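J.: Residue numbers (the working numbering), protein chains in the order written: chain C, 1 to 127; chain Y, 1001 to 1383.
By construction, these hints were calculated from the structure, which means they are not laboratory data.
The model shown is predicted, which means the values in this text are computed figures rather than measured ones.
From the three backbone atoms N, C-alpha and C, an ideal C-beta is built for every residue, glycine too.
Incorrect hints may appear among the rest.
Calculated pairs, EDC-like style, for lysine to aspartate or glutamate (alpha carbon to alpha carbon, straight line, at most 20 Å) [unchecked claim]: (1) Y:Lys1205 / C:Asp41; (2) C:Lys31 / Y:Asp1343; (3) C:Lys48 / Y:Asp1056.
Covered stretches of chain Y, going by a simulated chain C footprint (3 or more residues, C-beta under 8 Å) [what the hints assert, rightly or not]: (4) 1046-1060; (5) 1159-1165; (6) 1229-1237.
Sample of chain Y residues at the chain C side, in silico, Cβ under 8 Å [what the hints assert, rightly or not]: (7) Glu1031; (8) Ala1032; (9) Phe1033; (10) Lys1154; (11) Asn1363.
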Amino acid sequence: MTIKTIVKGTAKGIVMKTSSPINFLGAVDKKTGFIRDENHDLFQKSIKDVVLVFPHGIGSSVGAYTIFSLKSNNSAPLAMVCKKADLTTVSGCALANIPLIIITKEEFDSLENGIEIEIDSDSQNKL
Amino acid sequence: MELTRQEEAALKGEKGETLELAFRILVATGEAFNAERLIPIKWAHLSGVNYNTIGDAGEEFLSKLSQDAKVATRTTLNPMGFDIDNVSNYNLNENFLEKQQSIKDSYERMGVVPSFSCIPYEIFDLPEKGTQVSFAETNAAIYANSIGHLKTNKESAFSALASALTGKSPYSDLRKDDSPNLTIRIKIENPNEMTFGMLGYFAGKIAGSSVSISGVKNLNKRSCKSLCGGMGTSGTCGKFVLDDDEKSEKVDFDEKELQKIHDELNTSDSGDLITLGSPQLGLDEISDLASMLKNKSFKKRCMVFCPRVVQQQARKLTYANELERAGCEILSDCCTCLTPLIDKKDVDSVITNSIKGAYYLKNSNGVGVNLKPLSKIIQDETK
Chain C
1 MTIKTIVKGT AKGIVMKTSS PINFLGAVDK KTGFIRDENH DLFQKSIKDV VLVFPHGIGS
61 SVGAYTIFSL KSNNSAPLAM VCKKADLTTV SGCALANIPL IIITKEEFDS LENGIEIEID
121 SDSQNKL
Chain Y
1001 MELTRQEEAA LKGEKGETLE LAFRILVATG EAFNAERLIP IKWAHLSGVN YNTIGDAGEE
1061 FLSKLSQDAK VATRTTLNPM GFDIDNVSNY NLNENFLEKQ QSIKDSYERM GVVPSFSCIP
1121 YEIFDLPEKG TQVSFAETNA AIYANSIGHL KTNKESAFSA LASALTGKSP YSDLRKDDSP
1181 NLTIRIKIEN PNEMTFGMLG YFAGKIAGSS VSISGVKNLN KRSCKSLCGG MGTSGTCGKF
1241 VLDDDEKSEK VDFDEKELQK IHDELNTSDS GDLITLGSPQ LGLDEISDLA SMLKNKSFKK
1301 RCMVFCPRVV QQQARKLTYA NELERAGCEI LSDCCTCLTP LIDKKDVDSV ITNSIKGAYY
1361 LKNSNGVGVN LKPLSKIIQD ETK
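Kindly generate the complete structure, drawing on both the sequences and the hints.
T.: This is the structure:
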């Protein structure tokens, strides 16, 4: 199995995919989930209630609190899917109980924006 | 990851909710980074102090946590949102002051040293070479690994908090010996501190967990901190080595790359006010600034951020008076980065020499940024 579960859980939703890493603290509004970094390709989109597919998190360590705040404000993604683990995303999802899985580059490339997927960390397929 | 029987019990909640939460974070991060076990750490430095960044959810979380949580190792703290000594000069609302105070109280209840500084490596004695620590502030983690001979991953606010509460961290990545597989060759004549900040920003974007940098001469404190700050902002890289590793892949950092980053972060041709200190300034930078400002004074507001203990030393040595005479406002316990003291309602754009500051002023505070090295700021903005 190439898919690695970091934070267990189930989720079903629409994929919002970006090939750019995310700096949660600088680029995401913690109340609404909107991306406010104009250089990011998800600029002005909301990551609320989607399955967020992105390479990995970057930047400030406080981004973990942003992930926790998004969850508390009901603006968090349903689940996150990354190509590479980073401490901000992993610890933020662990505390906020947002399902998080790590997939390979090939799997990442094959996931399409806008499709509906189901994540179940306990099942055989996971995706 | 292998856990001891004690650790396993804590994870199951047999030692209370606080440790269950801390071990949940340690186990998730350990699994993610293929750590075989947890190891003891000697010092945790926490981020997540500023109400501006952690918000109501963070404030409530810490308030609840601190009802029974205590840190298990020496723990220091990042800047918060204001300086109590001059808070009345800024338009912070009652809610902000109350919530910030609550966050401060929560950390103190847990036994954290209220240092409110992003440069712990300049104000505390460093433990012996090779000591495992857990630093969340990105510039501090990079400095600790690269210059301070300590070992830490580029921790998150929660992974460092989990380390503080347990005295442990997963043994992975930079905690083991991690040598860089990429060398960045600097190809720029007469670099200043901003060049190094942009080099860091560039390196952070392309490097893995560590990077070699070649062609650097005379990396002074100001440039070194700028490099650490820039690198921490843009990526996941947590260590640099000043060396040219022959076997590694090479990438050049030249005028063209420099210009690209400058264009990304410099969004204004001028500014309404100046900020210095992201990372906060240490005593030698304050002393430098005082001598650069001899017989000059700023034509605009200039906010200077430094740790409380540095301000106290600077007062004794009269540097603080000299800065104030030249029109600087000295602020402690807070930082340029993510400060609520700069509001886009009052300020259109800010002049700074900090790459890290520029990124967050632009994206979090929503103001324009005019980037200039310190020497140019003093040349243009003083009389």
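J.: Are the hints correct? Go through all of them and say.
T.: Here's how the hints hold up against the structure:
The suggested pairing of Y:Lys1205 with C:Asp41 holds, with an alpha-carbon distance near 16 Å, which does not exceed 20 Å. A hinted pair counts as satisfied when its Cα atoms are at most 20 Å apart, and C:Lys31 with Y:Asp1343 qualifies at roughly 18 Å. Between the alpha carbons of C:Lys48 and Y:Asp1056 the distance comes to roughly 18 Å, so the proposed pair stays at or under 20 Å and holds. With a threshold of 8 Å between beta carbons, the proposed coverage of the region 1046-1060 of chain Y by chain C holds, since 10 of its residues qualify and at least three are required.
Counting residues of the region 1159-1165 of chain Y whose CB falls under 8 Å from any CB of chain C gives 3; the rule of at least 3 is met. With 5 residues carrying a beta carbon less than 8 Å from a beta carbon of chain C, the region 1229-1237 of chain Y meets the three-residue requirement, and the given coverage holds. A hinted interface residue such as Y:Glu1031 counts as satisfied when its beta carbon comes closer than 8 Å to some beta carbon of chain C; here the least separation is about 6 Å, so the hint holds. For the restraint placing Y:Ala1032 at the interface with chain C, the shortest Cβ-Cβ distance is roughly 4 Å, inside the 8 Å limit, so the hint holds.
Because the beta carbon of Y:Phe1033 sits about 6 Å from the nearest beta carbon in chain C, less than 8 Å, this interface hint is met. For Y:Lys1154, the interface hint holds, since its Cβ comes within 8 Å of a Cβ in chain C; the closest pair sits about 7 Å apart. Nearest Cβ of chain C to the Cβ of Y:Asn1363: about 4 Å, under the 8 Å cut. The hint holds.
Of the numbered hints stated above, none is contradicted by the structure.
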